[in-house]
Amino acid sequence: MHGGTRSALFIRRVAILIACVATGCLGAAVLMSSTGPLPSAAADPVNVVIGPQGFDACVRPPLSSMSTWRQNSPYRVYGLYIGGVNQRCSGGGTNAYVAALHQQGWDIIPIYVGQQAPCVGQPGLATFPTDPTAAWNAGVQDANDAIAQFAKAWQLGAPPGVIYADQEPFSDGAFPNGPCSVAAINYLGAWTTVMQNHGLKAGVYGAAGSTIRLMYSYVARGTSFRAPDNIWIASWGPCGPGPNYCTYLPNASVFDGSFVRPYVPDSYWFYDQRLYQYNGTHTETWGGVAISIDSDCVDGQVLGPYAPKVKQACANPYR
Amino acid sequence: MTRRVTLIAVVVGLFALAGAAMYFGGALGGSSSRAVVSSGVAPAGSGSVAKAELLDGTHGWALGSHGLFWTSDAGASWSSVAPPVPSATPEALNGVAFLPDGHGWTVESESASAVRVWRRVGSTWMSTLLHPPAPVTGEYGPASLSFVDPMHGWFLLDGGSHGPFSPATLWRTTDGGRNWSLMSAPGSGVLHFVSPSLGFLASRPNGPHAGGLYVTHDGGVSWTQAPLPSSVIVEQPPAVAGGVATVVAPNLARTAASVFTSTDDGRSWTVTAQIPAPSEATGLSWTAAGSSVELVWSTVRGAAVAQSANGGRTFADRSAAGIAQALSVSAPDARQVWAVSAVGALLASDDAGATWHRVAVP
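Going down the list, the protein sequences come from chains P and D. For the first sequence, the working numbering assigns the number 1 to the initial residue and increments by one for each residue that follows. For the second sequence, the working numbering assigns the number 1 to the initial residue and increments by one for each residue that follows.
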């Protein structure tokens, strides 16, 4: 299930009401359980954060810098690269670093940079094959490795958890049904399947115009694609002409009307299931400490202690 | 063509709260007096400065909220040198480079698939339209321009750096910017060419080459990674003077920095000094002019300064009580320094940082 649409929710609620009246609510319970899992912060061990901002940084900042930012910046969530064949950021997810970040009060987005689409827009990256079965197997392989890296960093023998696969922008002339797109959707479907079968939540990071749009198209058409629990949309438009001159945007939204909505309607991944990278690499300074970061709106599933009681600016405005 | 002997330091992580007096203690020139930077309300008519550079003792440029300006008297007076673009502001002009003789270049993003490189000859601006590969997420990143003379220059355009990815395209001109040829680049970063053949690229702090230093000996056709330890981050290209290249690089944890020098055009490097960082250091900026090397650490409690007068072999601590702020620093010699602050002020020192005064930019 992709996360539900608002109209589908209304229909379910009406059906539940009718079933409840007709059957004394036993039928309603069956109907509710048959509509698939909706995120529930109370029951879900993965923390759902409703709208704070976060950042990801390739070069792992020193803990002293993170502490200063935790006290002085508006950011509450940190994207940490934990592994993958195309992950060449420094530091990685060591257990000591992860533990220290949580102790400082950070939520963390575990990011895995595995094999990329065969038509990825950057040279020199390891890619999965175009053959759909081989692409699926690559997704399984990467997902299993990601779980192992995650367990190492968080020293967990078992879930809970959420891991986001980083799928870089790609260009397929026959989008969304060309061989590259089909391979990519198989890889992503495998990623989600393995994650969910292990009891983890699945997330996928990708450019709005390729990865995200691809997944939306397969969900909207009612295909058998097993959609991730969360999407992390990369679309840097809100910053204006070039990320060189963009910094923290307090009013960024995971439902940005100009740079997100054209690629994935609001009703998809609707229930606090979105992250939004609205700015590429730039330097910000908080509390006298400068860090090179990418900026993110976080209204979805992450890991850690920070759980805002009040909905933050990035959150779903409809809920 | 004469090239400035000293290179410009890129300040990392020096910011201070606006509205408070700034202190830059431990003068870069050797004085132990406390440096006071006037950081009050900007003189009337001053715009907010995003970038500026002092090229020699008198010539410099500044890009700010009111446009692009040139000075021939170290900032006492300014003239507008903006290209004929709709808005000559930091939001519109991505990358600026000037030579002391007034030749200048800047980059304007035309669309998500084209950039326009402007060149200034005399008082006239002309442009060339380039079509780099489409940026990975729809927006081009920062541009880095480097010219060694009015004819030979390079333009590195970030193709959308994010996370572990640092795509970039490199162009070279041998006719002052009329025509550009596509070169190769190991990734995005900050360029500095010393001659038509010798150049350096300090990688952006992300991507597979984060913190690496790259060298070309053929004008950008090919690059090799400088054999520096992977435990350090090279955040700015080397300063080159008298055939000696100097680079200062902190370690990942910012607990120490190493000074490396090369006498063979960057092919091999020698550790000249290793300097422990002050407690809770969060960033390092440095500048080199001739045999003078100055380190300015930023920490959670303020700045700490160390200075070398022998090319980085030994350092002496300087007092640096208080907080210093700068986004970028340019120092054509050991005495004159310009710094652009995080609050958009251009600050100048004539005594190697012992004292500072604010420079009004239109």
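The hints are simulated quantities; they were obtained by calculation from the structure and are not laboratory data. From the three backbone atoms N, C-alpha and C, an ideal C-beta is built for every residue, glycine too. Some hints here could point you the wrong way.
Not everything, but these chain D residues come out facing chain P in the computed CB check (under 8 angstroms) [as the list claims (entries may be wrong)]:
1. Ala114
2. Pro132
3. Val136
4. Glu139
5. Gly160
Which chain D residues stay away from chain P? Per the calculated CB distances, all over 12 angstroms, these [to be verified]:
6. Ala112
7. Val121
8. Ser166
9. Pro227
10. Glu235
11. Asn251
12. Glu280
13. Ser285
14. Pro362
Each pair of labels, with its calculated beta carbon distance range [stated by the list, open to error]:
15. D/Thr58 <-> P/Thr283: 27 to 33 angstroms
16. D/Thr224 <-> P/Pro262: 42 to 48 angstroms
17. D/Thr128 <-> P/Asn177: 37 to 43 angstroms
18. D/Asn179 <-> P/Asp131: 28 to 34 angstroms
Status of each hint after checking the structure:
Interface restraint check: D/Ala114 against chain P, minimum CB-CB distance 12 angstroms, threshold 8 angstroms, status violated. A hinted interface residue such as D/Pro132 counts as satisfied when its beta carbon comes closer than 8 angstroms to some beta carbon of chain P; here the least separation is about 12 angstroms, so the hint is violated. A cut of 8 angstroms between beta carbons decides the hint on D/Val136: the least distance to chain P is about 5 angstroms, and the hint holds. A least Cβ separation of about 4 angstroms between D/Glu139 and chain P falls short of the 8 angstroms threshold, and the interface hint therefore holds.
The beta carbon of D/Gly160 comes within 6 angstroms of a beta carbon in chain P, closer than 8 angstroms, and the hint placing it at the interface holds. At roughly 10 angstroms from the closest C-beta of chain P, the C-beta of D/Ala112 falls inside 12 angstroms, breaking its exclusion from the interface. Distance check for D/Val121 against chain P: the nearest CB is about 26 angstroms away, which clears 12 angstroms, and the non-interface claim stands. The claim that D/Ser166 lies off the interface is violated: its Cβ sits roughly 8 angstroms from the closest Cβ of chain P, which falls inside the 12 angstroms cut-off.
Remark: the non-interface label on D/Pro227 is consistent with the geometry, its nearest Cβ contact in chain P lying 18 angstroms away (cut-off 12 angstroms). A Cβ of chain P approaches the Cβ of D/Glu235 within 12 angstroms, the least distance being about 9 angstroms, so the stated non-interface status is violated. A beta-carbon of chain P comes within 12 angstroms of the beta-carbon of D/Asn251; the shortest separation is about 10 angstroms. Distance check on D/Glu280: its Cβ comes as close as 5 angstroms (rounded) to a Cβ of chain P, failing to clear the 12 angstroms threshold; non-interface status is violated.
Its beta-carbon lying about 10 angstroms from the closest one in chain P, D/Ser285 breaks the requirement of being farther than 12 angstroms from that chain. Every C-beta of chain P lies more than 12 angstroms from that of D/Pro362, the closest at about 20 angstroms, which supports listing it as non-interface. At about 30 angstroms, the beta-carbon gap between D/Thr58 and P/Thr283 stays in the expected band of 27 to 33 angstroms. Between D/Thr224 and P/Pro262 the beta carbons are some 43 angstroms apart, a value that agrees with the proposed interval 42 to 48 angstroms.
One distance hint, 37 to 43 angstroms for the beta-carbon pair D/Thr128 and P/Asn177, holds here, with the actual separation near 39 angstroms. For the pair D/Asn179 and P/Asp131, the supplied restraint of 28 to 34 angstroms is violated, since their beta-carbon distance comes to about 44 angstroms.
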